Amino acid sequence: MPSIRYREALKQAMTEEMIRDERVFLLGEEVGYYQGAYKVSEGMLDKFGPKRVVDAPIAEAGFAGLGIGAAMVGLRPIIEFMTWNFSAVAFDQILCNAAKIRQMSGGQFTVPIVFRAPNGSAAQVGSQHSHAMEHFYAQIPGLKIIAPATPADAKGLLKTAIRDDNPVLCFESETLYSVKGEVPEDPDFLVPFGQANIARHGKDVTVVAWSRIVNVALDAAAKLEKEDIDVEVIDLRSLRPLDTDTIIASVAKTHRAVIAGEGWPYGGVGAEIVDRIQRLAFDELDAPIERVQTMDVPMPYNAKLEQLVIPQAAGIVEAVKRSLYRA
Amino acid sequence: MAKLLEMPKLSPTMTEGQLTVWHKKEGDAVNVDDLLAEVETDKATMEFRSFDKGTLLKLLVPADSLVQLGQPVAIIGEQGEDISKLVPAQGAAPSTAAAGSKNGEAKEKPSTSAAPDTATATATPTATSTPTPTPTSESSAPTTATPSPDGRVRASPYVRKVARDRDIDLGGVAGSGPHGRIVARDLERAPATAPERALATRAEADDVRPLSMMRKTIARRLSESKQTVPHFYLTVDVDAAPIARLREQINDDLAAGTPRHEDGSDTPAPFKVSVNDLLIKACAIALVRVPQCNASFTPEALVFHRRVDISVAVAVPDGLLTPVVRQADRKSVVTIAQEVRELAARAKAKKLRPEEMSNGTFSISNLGMFGIDSFSAVINPPEGAILAVGKVRAEPVVWEGAIIAGQRLALTLSCDHRVVDGAVGAKFLAELRILIERPTQMLVL
Amino acid sequence: MVATTKTSSKKPEPVGPSPEARLSRLLGFYRQMLLIRRCEEESARAYAQGKIGGFLHLYIGQEAVAVGACAALRPDDYVVGTYRDHGLAIAKGMNVKQVLAELFGKVTGCSKGLGGSMHLFDAAHNMLGGYGIVGGHIPLAAGVAFASKYRQDGRVTLCFFGEGAVSIGGFHEACSLAALWKLPIVFICENNEYSMGTPLSRTMSVEDVSLKAGAYGMAKDRLFVRDVFDVEARVAEAVARARSTSEPTLIEARTYRFRGHSMSDPGKYRTPAELEEHKKNDTLAQARSALIAGGAGEKLAELETDVEREIEEAVRFAEESPEPTPDLLESTTYAGPFAR
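Protein chains in written order, with our numbering: chain A, 9 to 335; chain Z, -8 to 436; chain U, 713 to 1052.
Don't read these hints as lab results, they were simulated from the structure. In this text the structure is predicted, and so the values were computed from the model without any measurement. Wrong hints could be hidden among the right ones.
To be verified - Here are the computed lysine-lysine pairs in the PhoX-like style, where the Cα-Cα straight-line distance is at most 25 angstroms:
1. K76(Z) x K234(A)
2. K47(A) x K188(A)
3. K339(Z) x K263(Z)
4. K55(A) x K894(U)
5. K329(A) x K152(Z)
6. K234(A) x K55(A)
7. K231(A) x K76(Z)
8. K76(Z) x K261(A)
9. K55(A) x K861(U)
10. K991(U) x K980(U)
11. K342(Z) x K382(Z)
12. K76(Z) x K329(A)
13. K234(A) x K329(A)
14. K992(U) x K980(U)
15. K49(Z) x K0(Z)
16. K312(A) x K76(Z)
17. K59(A) x K861(U)
With the rest of the complex left out, here is chain A:
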């Protein structure tokens, strides 16, 4: 199996699906002539032409809505936001149109669309460009939310997303784009939604993570191994649907859970997971569920403060120990 970068895995997914299905097209800012703000779509304009790789002006509400309308009548758009931060101005389109049209129309219309973009912190990009936006969207029924952590999942999940008949939001990460990993070449390689991956098997504490933080959690697990603490790391892969079964089975084994992810601690995906664990595995818990999240402040620019605010392996190590009453 060839080892490729996360961004190439995404491109493979889009390319394969565009070859497979004429209705699929890519639209977003700088996706064509510029070759992608993060080079995810590099070379795609040459391959597919401007009809199917469409450079959009800076009008997120406009082109997000346009994608939704095109999807309603049978196309399968992939809308790239330069980052998820910029989706905020298109939030109404996703909230009120993409997620609602199927129900508002009594099931007559569906919206098979993919929105994708890098998400969360990058490197000193400051307050307005570092949002973890998945929390806002995961709350909305009618949407599906994926957050691949590895190149293989980036490809497999995105291909599944493009083939899905519902709006799917793909949360990538600028800091993952260069990560390399083995990725299957099979054009029908799909990673189903709602099936978490156990990235590391362990027996003492379950760490539930997604996207970039899966790697941080694995770092933490390696550190803890030296202290004889055996951590199980669950990579959620999709946040909605959420693989509750895998989480609960793991907690039933370890009796302790730590949720690690970017995003502010008030509510959000982490809180949702905590809720499911306490309801479905109450009797399995030996310690309060810990959460390691972005600090409850806007992202500072200063590099050291930024690192302080973002979830780190050390924070996960501490949380794991707290859950073991070893703090």
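Position chains Z and U against the provided structure of chain A, taking the given hints into account.
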């Protein structure tokens, strides 16, 4: 430099103490010899005074906590000092409780089968109110390994599940988590060895039973009462013949009024009132007449209750409970009798709710049925008085110059001198005597 | 970039080859407009009776716009509208039964009673919905046109909105994209002079909405709605442009609503005199007069009886229809398994 304040040894034999009241709160300035807290030891309530000058930065145990000797209870230092390094020590502290067992103290963890009554007692909601009428001479009781200040066993949900599955009595397991929480690793240490130890104990030594929740509450509350409430006792010996006759009349009438089946079969036993029921009614009326006796002492004020709610001590297999007959002054004696029967039955079945056992204004304890002539009872705080009732004694009495067969009843009133003075107690007993010896007075409220 | 400009003074093209044919077409238009008017009146009654809940925005007074515009379309052309969508739905061919049943929240409604008054959809008639967020549907309509161009299916999209939507970004972004990418769409601004309760003069610096097209190099047209044939002709011209050269047009249709913004609107922002003045120009009444003058009185009576019967049946149908069941909730939220 911040430092931990540890539970000092305040009596020669003290191994643990109930920290009852904090006199300083977090952030307070503390001088040498300032009163920090009061501690109930096995001997008395002692003052815990500071040896240091500084600021009280953190309290590590709440008031009313049972604390092992040497266990940190607070952190003192300079205002604003970082105490994070000291705080985690708190989590480790409860292990001193577990360590205590190696001193040969009775901290065994018998399985449920070894002490079934303990298991049931744990389920009884006795925490709010358990006074006793009997003078108790509880020796320094062995504590369980779990130092939970309110007597509640703290355990993680997972531990509780395992305990249910494996029939482990958590009351005997030392918790190493925060606030003495029993966590999974505590079970790994505990249950494997506990049954053997319990067996060994029974085979060669005393029958040592861990404290039930009810027993802990009895021990704590009555110690507190006897130690903090200045009791005094007033005894009268009254003519019980009139009230005994009245009881017979009432019961005859009740029997006559009991419906009978047409075929005469299965006639239910007629309901009967007891002398005690009549005494409850009499006390209630006497309290209305002498409201100074229907009172509670609080540090701020004396509280004179406008309601007459009488706590009735009920013996149950492993202790006693005090269900309350509410507004006894306004209820007929038959109603009172029915309520007492019903409350007593549920008390024995451990079905009383906490609110049914709390907020009485006066207690009655009757040991007549056990052949006791007279005794004095321990006040049930915050009530101001308790009446101890002996048996109705058949003895010769002088009646208008002649010796006749009489019926006598000894009544002893224990009063909290802080709120009920001697003269008030005497006035109450005088009223009570009139009501008992001329029970028609009960109709003349 | 072609910026074709039309003025409202332009004479409408003759629509039919003969006066008879024109009269016959007018009968058809009148029937549709009457059906809409009666549907709205009965909706208002049902609302007052508590049979319709939520918001209800009536189209009374504006019927000629939807009817005339839809007459310029092929059945496979798309329409996208606002929350004031009952008239558009009926003009695009939807059955009144489906409309009223939806308003009554019944499972026989076009959206199974899950959408309500503001969200009428009908895939069979390419009615792509009424939308409740002002301006939010305009980019979406551009996307529908984008799909037509992508597939080269020759279809045109008509997007309706009020002048209130012209102030919001969605309108401008959609115009910008449609002009940039030459999308086969006609934007129809139904300027009924009030953005809810605020008059045009207090919401826009430029009263002539059609001027907005200039900024995007888009064709424009502006008309004061007097006559359903005029609407049809003007929209037909824009539709033809969209279909033949894939160019968008912005049409401003000045109209007037006779009722409040919604049922909860007391209408205090305009005078009774102003309303009465506008009612003199009621296109429905004028069409009726023209029919009588043209000698179609007998057919008219027949038609009106027929419309009454249709409305009566539709109300009964809506009343008697069952309500949607909870099992629909999840199955209409996602295609396929529910994602939780």
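Distance restraint between K234(A) and K329(A), which requires alpha-carbon spacing of 25 angstroms or less: holds (13 angstroms)
Distance restraint between K55(A) and K861(U), which requires alpha-carbon spacing of 25 angstroms or less: Given pair K55(A), K861(U) holds - Cα atoms ~20 angstroms apart, limit 25 angstroms.
Pair hint K234(A) and K55(A), alpha-carbon separation not exceeding 25 angstroms: violated (49 angstroms)
Pair hint K991(U) and K980(U), alpha-carbon separation not exceeding 25 angstroms: Given that 25 angstroms is the threshold and the Cα spacing comes to 17 angstroms, the pair holds.
For the pair we were handed, K76(Z) and K329(A), check the Cα-Cα distance against 25 angstroms. Answer holds: K76(Z) to K329(A) is near 16 angstroms, not above 25 angstroms.
Would the pair K312(A) and K76(Z) pass a check requiring their Cα atoms to be no farther apart than 25 angstroms? holds (24 angstroms)
Keeping to a limit of 25 angstroms between CA atoms, is the pair of K59(A) and K861(U) held or broken? Judged against 25 angstroms, a Cα distance of about 10 angstroms means the pair holds.
Mind checking the alpha carbons of K49(Z) and K0(Z) for me, to see if they're no more than 25 angstroms apart? holds (21 angstroms)
Given the hint that K76(Z) pairs with K261(A), does the C-alpha gap stay at or below 25 angstroms? The hint is violated at about 32 angstroms.
Checking one constraint from the list: CA of K76(Z) to CA of K234(A), max 25 angstroms. Satisfied? With a Cα-Cα distance of about 23 angstroms, the restraint between K76(Z) and K234(A) holds, given a limit of 25 angstroms.
CA of K231(A) to CA of K76(Z), is that 25 angstroms or under? holds (22 angstroms)
Restraint status (C-alpha distance of K342(Z) to K382(Z) at most 25 angstroms): violated (29 angstroms)
Violated hints, listed in ascending order, are 6, 8, 11; each of the other numbered hints is respected by the structure.
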